[in-house]
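Chain residues, written in single-letter form:
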Amino acid sequence: MAHFAFEVREAGADAPRALALRGALTVQTLTRLETLLAGQPAGTATVLDLSGVEHMDTAGAWSLVRFAGRGQGVRLQGLSPRLQSLLDAVRDAMPRPDPPAPAPYGLREFLEGTGRRVASAGQLAVELSAYLGVFLARLGRAVRHPSEFRMTSLVHHCQDVGWRAVPIVALMGFLIGVVLAFQGSVQLRQFGAEVFVVELIAISILRELGILLTAIIVAGRTASAFTAAIGSMKMREEIDAMRTLGIDPAMVLFVPRILALLITLPILALIANIAGFVGGALMAWAELGISPGMFYVRLTDQISIDHAIVGFSKAPVFAVIIGVIGCHAGMRVESNTESLGRMTSAAVVAAIFAVIAADALFSVFYARVGL
Amino acid sequence: MAEDPIIRIRGLRNQFGAQVVHEDLDLDLWRGEVVGVVGGSGTGKSVLLRTIAGLRRPQAGSIEIFGKDALGCTDDERRAIDLRMGVMFQDGALFSSLTVRENVEVPLQAVPGLTPTLRHELADLKISLSGLPWFAGDKYPSELSGGMRKRAGLARAIALDPEVVFLDEPTAGLDPIGATAFDVLIRQLADSLGLTVFLVTHDLDTLHAACDRIAVLAERKVLVTGSMADMLHVDHPWVREYFHGPRSRAAIEATTRTA
Ligand SMILES: Nc1ncnc2c1ncn2[C@@H]1O[C@H](COP(=O)(O)OP(=O)(O)OP(=O)(O)O)[C@@H](O)[C@H]1O
Ligand SMILES: [Mg+2]
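So the protein lines, in turn, are chains H and R. Using our numbering, read the first sequence as starting at 1 and increasing by one per residue. Using our numbering, read the second sequence as starting at 1001 and increasing by one per residue.
If we strip away everything but chain R, and leave its shape as in the complex, we get:
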């Protein structure tokens, strides 16, 4: 690809006390692609997501987002970057005292000159785009099922039409049908809205169905990146076990059958 990556991470180092989570980590995200990040529990996927999203300052390294230095910029510049990114947290992190519609309206309040009616109607559109039924807009997060909460979290994440969306385990805890529907939704949104998606997951089916590229986090860095087919040829014990395990084989067979 000729153009510059939308996010470029170089030499990233994250550390909690004596525990080094990331060391010398490099990763590029290109415009319009869906990248699936996999790795064992505790390898620092969530920490990486939080670091890129600006919720955590790394000990060393550089992060460039939209061509700007995200660590050395002023607060105003950082805010401008944040408005072009959306984050869906592992458990939704919806505001419990607001309805789903009001949750989606929160980021829209940053747009100057938008009337309440317009904001309301745009929120309804996002709710509908994320596959929720109409009545969900008036409900409180506690009145929704886990899968609906995830969709509501996604609706809030895409409220401002961000260029990059970070999703932390979007399909964890969903039933297989709901998870498949969510995979399809992510793929659709990425294609139709031109989203770049950074997707942390343990779900092999999601990797198959939704991701263009897979990045494996192991040994404190991004070990390899590549397509699903590339992963099958990687010579690393964890990667081999992950992608050659019985679950993986089932997922690959399922996709080849439907293809």
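Pulled out of the complex, with its shape left as it was, chain H reads as follows:
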């Protein structure tokens, strides 16, 4: 169907070059037509004889119009009236590009890009604190007007965020305990200080690992879930609909979610800690012959409650970080599906990073105050 042929006639010295095209000038044959036309010597007078063209679509017409616009000496002739009107329509519609904006270059582009990135990071920090403020304000409002608070929603999110995460958190805690006991026993045995493995396990889990790793798992599970849920509502303009109906999205979407995190994260951390002790005790028993009873006695006698306080004091901060980042990323989703995926993974990365950074600050802080 898409046959296409051409013939070049070099006429006498003063007569213009003639190029006869036959067959179909369509998108299917466009590449060949373009190659042929691009190969024509520029600046010479050329007559395109189109009387043999049986079929032409907008792609073919576009190619001809572009060729005709190349120089003064190009003439098109012989096109049938029907195809000629198509050619005219395409000529009228030829895209007219806007002048491109001057692109920044070199050092200037580098500086500008760096500046932009720094500014947007600052902007993000400002926005996140604004979301934190909104959350606290709505929480205060919920205390004063309990009727506006959605209890059902809170329970639902507690189940989602907390209860469903129990198996994975417990398993993780158990394995951490096992690993610490095993590594500790190998090192401590060299000094005959096996029994200190209890302190090693207890202090590292209570102060750092229990809460930190729980927060990281919750950040991966929950920040992404918050972003996806809120983002898809944003995408379908449900949040705009809420606003027009006089429902406050922050009250119904943010407060129950972040509050659920605040309630369940310490509980999950506690579960991780206990599972870690169980794992550590089992491993210590198997490797070093420290009986569970002895482990328990040493744990309660030697380990100050301060370590647990330090660990659990981080939980609310981590919970708010994860919740605010997840909700904020959800609200930044635009009305296309790709931004939903992008924001979901961005939320997870940002939440994990922020949790670790906050943990580092906590370490410095507690080292200074001497706890």
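Bear in mind the hints are in silico, worked out from the structure with no lab data behind them. Computed from a predicted model, the values in this text were never measured in an experiment. It is possible that some hints are incorrect.
Claimed, not checked - One side only, chain R facing chain H, incomplete, derived with CB under 8 Å:
#1 Leu1118
#2 Trp1134
#3 Gly1194
Said to hold, decoys possible - Rough simulated footprint, nothing fancy, chain H against chain R, three-plus residues with beta-carbon under 8 Å:
#4 1120-1126
#5 1139-1153
Unchecked claim - Ranges between beta-carbon positions, derived for each pair:
#6 H:Arg75 / R:His1202: 43 to 49 Å
#7 H:Glu109 / R:Arg1078: 46 to 52 Å
#8 R:Ala1250 / H:Ala119: 54 to 60 Å
#9 H:Glu109 / R:Gly1040: 57 to 63 Å
#10 H:Gly115 / R:Val1184: 46 to 52 Å
#11 H:Asp88 / R:Gln1019: 45 to 51 Å
#12 H:Ser85 / R:Ala1110: 24 to 30 Å
#13 R:Val1184 / H:Gly52: 29 to 35 Å
#14 H:Pro100 / R:Glu1077: 40 to 46 Å
#15 H:Ile305 / R:Leu1098: 57 to 63 Å
#16 R:Asp1076 / H:Val349: 42 to 48 Å
Glycine included, C-beta positions come from ideal geometry on N, C-alpha and C.
Position chain R with the ligands relative to chain H; hints supplied.
Using the frame of chain H, we list chain R with the ligands on its own:
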């Protein structure tokens, strides 16, 4: 007309459970004409469009497109038919993660041997043909107004220079000026590109301004077809109410004034 119809539908039957939408429906589309399909809400205009476009298999009947049996053909033959048809959906159905230009390039990727640059430039041409400004090509569908999205949907539908274009309510939700401009655009494209257009609409002005022939869908079949003038003489309660209502009279007066 001597030549065969470009689309011939005979005895079509569409059914959802116990609900029969079409029964014994016959319709012919001739090359180069713009057919407006009207009918009350829920009479099955969109279902008819989806059936012809191959998105839905009817329970009975035959559909011939370009002289080929569209229901009994192989998948490859069906694909070849699809490449010669373009569909603009009721709400554009643009891919939201692609820019308008990339949306228009999607069908062009089916053409072997087309370089990315050519594809890009052809997409720009289609965008311009459908009446969108240059800057629209770099925008995402969510950044366009409703009317611009419809034009972008049209640009994608005509990307491969199809012989038949199906438009589902192209002017619904547009302001009167935008709707009129769209009517003119459809008429122009049909004339200059030689398109055959199957146009579902509720808009009487579109019927006047853009359509050669009107097909009325009622009582599960194509009740009548004919020009606007023919419609005024049809003796059927729905048709009479539709074409003799106050809106219709205004539309007819408007066209006679401008004519
Ligand atoms: N997927 C489906 N499942 C069940 N019933 C359907 C389905 N699609 C359409 N219908 C039914 O078929 C009938 C015709 O629907 P269709 O969408 O074609 O109406 P329409 O003529 O396009 O109306 P409108 O003018 O409102 O767009 C309706 O009664 C609808 O309920
Ligand atoms: Mg419909």
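Q: Please test the hint of 46 to 52 Å on the beta carbon pair from Gly115 (chain H) and Val1184 (chain R).
A: Once the Cβ atoms are compared, 48 Å apart, the range 46 to 52 Å for Val1184 (chain R) and Gly115 (chain H) holds.
**Q.** Distance restraint evaluation - Val1184 (chain R), Gly52 (chain H), Cβ atoms, bounds 29 to 35 Å
**A.** 34 Å, holds
Q | Distance restraint evaluation - Arg75 (chain H), His1202 (chain R), Cβ atoms, bounds 43 to 49 Å | A | Holds - the Cβ-Cβ distance for Arg75 (chain H) and His1202 (chain R), about 48 Å, lies within 43 to 49 Å.
Q. In terms of beta carbon proximity below 8 Å, does the segment 1139-1153 of chain R have 3 or more residues touching chain H?
A. That given contact holds, which follows from 3 residues of the segment 1139-1153 of chain R lying within Cβ reach (below 8 Å) of chain H.
(Q) Taking 45 to 51 Å as the stated bounds, is the beta-carbon spacing between Asp88 (chain H) and Gln1019 (chain R) within them? (A) Taking Cβ atoms as reference, Asp88 (chain H) and Gln1019 (chain R) lie about 49 Å apart, which means the hint holds.
Q.
If I claimed the Cβ atoms of Asp1076 (chain R) and Val349 (chain H) lie 42 to 48 Å apart, would that claim hold in this structure?
A. 45 Å, holds
Q | Cβ separation of Ser85 (chain H) and Ala1110 (chain R), checked against the hinted range 24 to 30 Å | A | 27 Å, holds
Q. Are at least 3 residues of the segment 1120-1126 of chain R within less than 8 Å of chain H when you compare beta carbons?
A. Holds, because 5 residues of the segment 1120-1126 of chain R bring their Cβ atoms closer than 8 Å to Cβ atoms of chain H.
Q. Can the suggested window of 54 to 60 Å be confirmed for the beta-carbon pair Ala1250 (chain R) and Ala119 (chain H)?
A. 55 Å Cβ-Cβ, so the 54 to 60 Å window holds.
Q. Is it true that the C-beta distance of Ile305 (chain H) to Leu1098 (chain R) lies inside 57 to 63 Å, as the hint says?
A. 58 Å, holds
Q) So the hint says 57 to 63 Å: do the beta-carbon atoms of Glu109 (chain H) and Gly1040 (chain R) match that? A) 59 Å, holds
Q) Do the numbers back the hint for Leu1118 (chain R), that is, is its least Cβ distance to chain H under 8 Å? A) 6 Å, holds
Of the numbered hints given earlier, the model fails none.
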